[in-house]
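Undergrad: Using the sequences and the hints, build the whole thing.
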Amino acid sequence: MRKLKEPRLTVKAKTGLVLLFIILLTSVLAPVLAPYDPLVSNLSEALQKPSAAHLLGTDNIGRDTLSRVLYGGRQSILLALAATVLSMLLGFALGLFAGYFGGWIDGVITTISSIFQGLPGLTLMIAVAGLLGQGVKSMLIAIVINSWVGFSRIARGEVMKLKQESFIKGLKTIGASDLRILFLHISPNILGTLCVLFATRIAGNVISVASMSYLGLGLQPPTPDWGVMINDARQYFRQEPLLVVAPGLCILLLSLSINLLADELRDRLDVRKDVMKNM
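Per the working numbering, the very first residue in the sequence shown carries number 423; after that it's consecutive.
Just so you know, the hints here were simulated from the structure itself, not pulled from any lab data.
If you're wondering where the values come from, they're calculated on a predicted model, not measured in any experiment.
Among the hints, erroneous ones may be present.
As the list claims (entries may be wrong) - Pair by pair, the computed Cβ-Cβ distance ranges are:
#1 Leu465 - Thr533: 49 to 57 Å
#2 Leu691 - His607: 15 to 23 Å
#3 Leu678 - Leu546: 19 to 27 Å
#4 Gly592 - Val507: 30 to 38 Å
#5 Gly557 - Ile483: 17 to 25 Å
Ideal placement from N, C-alpha and C gives every residue a C-beta, glycine not left out.
TA: Below is the structure:
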């Protein structure tokens, strides 16, 4: 009997993988690849044009732009990943219990999620971070508060459909506990949808981390972060466009690569597009 061939990766998946691999590799190897210390300034070399010594030029206090770009991905990727994991854990747990138990539990959780979903995302994050103060911890809390709703609503919807299946009713008949049913039988059946949502949300949170740092509510100077770099370069954009273009392009490519892989994952796991609209 002939074995079925494994489906090959599409062009978009290959493109996403290559882009993501390059970005991750350069971020991990930044200490080796960076020609200069990203924190060391030299005012005598401020705002230099690209040259053999500084391939992307220097910023307003003489720091090497290429070195800062290479280091900038580390913080953005780790923080976006951390925020997405926390958002998924919170949203998944709430959606799981709301969809399975229903009643007043579902009513309370659904009402809260509807309130949060109705608020503009960036405005909500700015308000939360403004109340908690500047810093990474405040930024993470703000992003989680803005991101958990999508996971909760999708988990709730999937659980509500699954609990009507005959195998779930059979498990209840033989005396299986609610927690056993939730975590051993329902959760594995919705992981595919949540994985797609997880990948999509990482791409969004990369933008959120950069936006918060750009606004001065996340990572703070002199941290070599892409959002911080764009904020620092605002006054010098006309004089040295690369100061904004280089980190901005990195954010765009990172987000694009993750979105391409998320689309491929959605197609392979056969997750319906209408489900993802609840995000």
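Undergrad: Does the Cβ pair leucine 691, histidine 607 satisfy 15 to 23 Å?
TA: holds, 19 Å
Undergrad: Quick check: does the Cβ-Cβ distance between glycine 592 and valine 507 fall within 30 to 38 Å?
TA: holds, 33 Å
Undergrad: Note whether the CB distance of glycine 557 and isoleucine 483 lies within 17 to 25 Å or breaks it.
TA: holds, 23 Å
Undergrad: Quick check: does the Cβ-Cβ distance between leucine 678 and leucine 546 fall within 19 to 27 Å?
TA: holds, 25 Å
Undergrad: Determine whether the Cβ-Cβ distance between leucine 465 and threonine 533 falls within the hinted range of 49 to 57 Å.
TA: holds, 56 Å
Of the numbered hints listed earlier, not one is contradicted by the structure.
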